[in-house]
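**Student:** So you can see what is in the structure, the chains are spelled out below.
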Amino acid sequence: MGTAPAQLFPEFLVETFGLPGVLGEVVAALIAAAVVGNIVLAFTGVAGPWAKRKITAAFTDRIAVNRVGPFGLLIIPASAVQLLAKELIVPEGVDRPAWDIAPVILPASALLGFSVIPMGRLGPINFHLADPEVGFALVFAFASIASVSLVMAGYASNNKYSLLGGLRAVAQNLAYEIPLIVTAMSVVLFAGTLQMSGIVSAQTTTLVTIAGFDIPAWYAFVNPFAFVLFLTANMAEIGRNPFDIPEAPTEIVAGYQTEYSSAYFVLFYLGEFVHIFLGGAILAVTFLGGASGPGPESIGFIWFVVKIWGFFLFTQWARSALPRVRIDQLIEIGWKGMLVLSFANLVLTAVIVGVIA
Amino acid sequence: MSLERPDTTDDAAIERTPDELEALLGDLVVKRDDHLNAPGFVIRPDTVQETLSILKEQAGYDHLSVVSAQEYENRYESIYHLKKFDDPTQEVSVVVPADKDDPVSESAEPVFRTADWHEREAYDLIGVEYDDHPDLRRILLPETWQGHPLSMDYDKDRPQIATLPEHANPLQEHHKDDESDTMFLNIGPHHPATHGVLHLKTTLDGEQVVDVEPDIGYLHRSEEQMAQSGTYRHQIMPYPDRWDYISAGLLNEWAYARAAEDLADIEVPEYAQVIRTMGAEMCRIAAHMLALATFALDVNGDFTATFMYAINDRERVQDLLEDLTGQRLMFNYFRLGGVVWDLPEPREEFFSKTRDFLDQLPESVEEYHNLVTSNEIFQMRTIDTGILPPEVAKDYGATGPVARGSGVDYDLRRDDPYGYYDELDWDVVTEDGCDNFSRLLVRMREVEESAKIIEQCVDLLEDWPEEERNIQANVPRTLRPDDDAEIYRAVEGAKGELGIYIRSDGTDKPARFKIRSPCFSNLQTLPEMANGEYIPDVIAALGSLDIVLGEVDR
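Note that the protein sequences, when read in sequence, are chains A and B. With the first letter of the first sequence counted as 1, position 22 gets the number 22 in this note's numbering; the numbers rise by one all the way through. With the first letter of the second sequence counted as 1, position 8 gets the number 8 in this note's numbering; the numbers rise by one all the way through.
It is possible that some hints are incorrect.
[What the hints assert, rightly or not] Derived lysine to any residue pairs resembling SDA-like cross-links, with alpha carbons at most 20 Å apart:
no.: 1; chain 1: A; residue 1: Lys336; chain 2: B; residue 2: Met308
no.: 2; chain 1: B; residue 1: Lys100; chain 2: B; residue 2: Gly127
no.: 3; chain 1: A; residue 1: Lys52; chain 2: B; residue 2: Met308
no.: 4; chain 1: A; residue 1: Lys336; chain 2: B; residue 2: Met380
Source of the hints: derived by calculation from the structure; they are not laboratory data.
Okay, chain A solo, but in the shape it has when bound (with noise of 0.2 Å):
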């Protein structure tokens, strides 16, 4: 749209260390999303065995953590210690490779999907390391390969609750992918382009002004209805209460992953994590402004950090709060209710989109 596409942190870095050439050019890219890469793993380090831990707890009226280093923060590298110390048990007749690579892709997959969010700047630095213009189709073709590594799993285990999770994954997927996507969709059509840049620059302007406060246009507020449903189909595309279906511990014991264990099981989680977090970004992206809040341009990447670890504050409370639905209930939501919401909420857009433009 109106403003020019901003500076990529790939090409920021070839212009600042004056890298010359193609090879200069893959060498930035690395670094970059070397760097991206190691954010995401951050939070995921200090979502994983720390946050997760104290907002249970929060939740629940107890303290957890408190006793390794202040607020209990080192307990990240003992959990990161104790859990890679373990020993890898392969359970006989398991279906190898099969077996080995599903716990590679879930987290792989949730991590490609980061090379195209725009997290916003921080200084000079424009957290943003690829802006294709289909860039919008590509993050939910890639967030949705981790159904592929569930299913993998479940599939190569050799175990019957493994089985039954990673086929209860692939029907929570196709349950809530389609609506998922038609309601992202209508957000297209607001902004006329796929390309995540665009669509967080049409989600700059105001919208309304109330008491001397800009309401910014982001598209929760613009079409609320859109992202009720798009939360909802988000929580489900991750896997999170109420929809936890593939894992629901208490029913089938931990589903797909109840073989794995030592580095193998921190991948799933690790996976679990970065998905969450990039549900959280695409979330942001898409209806909450991407990295736009109060304050200068260059302190967006916070905003945009607040806003996933928002959903993800979001996604353990409602662990903590909500049942989880039965698979042939999910799949009545996703099929009956959801795809034909999202397709209304569609056609609206487009006849709403079409009268005004």
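Got chain A sorted already, so can you dock chain B onto it with the hints?
**Tutor:** Okay, now just chain B, sitting in the frame of chain A:
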């Protein structure tokens, strides 16, 4: 009244004298063998079904509490303890002797479905064989066990080899038959939602359950045999705490106390009865809180806040019970003829702590209603799942909140009063939903009723004159009830009718000590609730039964 009269509810409700019953049964009765609690009719082993059908259909004895079996010097004997759901004080025992060399007796399973497991247990532990039983296998012990441990010629020193039973390998292929494409799934014995070591042999068609068969006995600790080798006066009382160990200890102790006190004709002082009533209801709150907590785990997932909230509330009751009894789980607080000691000093402090708990309780219950029962997803999950129709519940001998959640208005505290209950003002809670939701709701509402009872007890105890605080009757050091006296007595435990059958032989130890566990009977209803439902519903149904394996397996 004549035999030809059609069965009407009025007819069934009539209370008959033992002689009228004998006339009703006519030639079926070989002789009388009355028990302390009920008239007993000895019948021939091949007329069990006929006798029980007459008693069930024409005399209205629709509740087979328990089947207790035992071996004598010259015969085996199975006793069917019958009651009426409408009035459990009307009891009758049907005594079925079986031949010493060839102990075969007709099965009661076609008349009362609940006899299935009870007879399997009798076969397993005593060795009576039941003709016409659909599935006479061992139930508590491994299938390969040699001998019957409670029979007289059992050699306990003989080494036993317990091999892994069929389907022990969870990876093993199993289909119901060649054509169907069902999948066999072992749920348990180690599974997050089996509430202990319970094994459900499940056959699945996709996500739907075709068949589920509970496999129990993993926690069998010979509780009956241990009680039989302890003296009435002192050595048995610690055991009941270990049956339903989910802090329902005092309720269990009361079951033994009631049976033994009636057997030995011991009168309990009123003051002790009030203390017992108060303690028992505290235990009920603790047990129901845990039931709520674990049900939330099963339905919500394992990080639900409800679990910790309910555990917190249970902790408060637990503190009160600790103050009262000096113990947190294995109370050992009751004595035959009373309780072991008076309320803790200073009494005012105990009363005020109890009142604080009671004052805060409505707020907690309100919170649970907000968090759990009024949640739409929760309702979607639990309403109309795990259906247990009242007739089926009765047929299986289901009692307690499970039966009351199916609208069966049966509570021994009111219907067969003991302790101080009939002096107090409280209500029996029933719900007509017959589903998982109703069973949970019954428990939550019972907590409020229990609180009412405790409050009244505290009022009474506070004003009790100091000189009349008699906590124990005078009971001889050694109790030797009359030879061959038999009694079955039950109390309303946290899970339902917890009954004890004792036969004395003139010594200071019981000759036969049989525990009627409510969980054992309730668990039998699981296939009725689960078949045709989805896996998550089976888990929810199991949670709503609120079983404790310590009590199921004993």
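**Student:** Now tell me if each hint is right for this structure.
**Tutor:** We went through each hint and held it up to the structure:
With a CA separation close to 35 Å, the supplied pair lysine 336 of chain A and methionine 308 of chain B exceeds the 20 Å bound. With a C-alpha separation of about 10 Å, the suggested pair lysine 100 of chain B and glycine 127 of chain B falls inside the 20 Å cut-off, and the hint holds. Only pairs whose Cα atoms come within 20 Å are accepted, and lysine 52 of chain A paired with methionine 308 of chain B is accepted, the gap being roughly 16 Å. For the given pair, lysine 336 of chain A sits about 16 Å from methionine 380 of chain B by alpha-carbon distance, which is consistent with the 20 Å threshold.
When the structure is compared with the earlier hints, a violation turns up for hint 1 alone.
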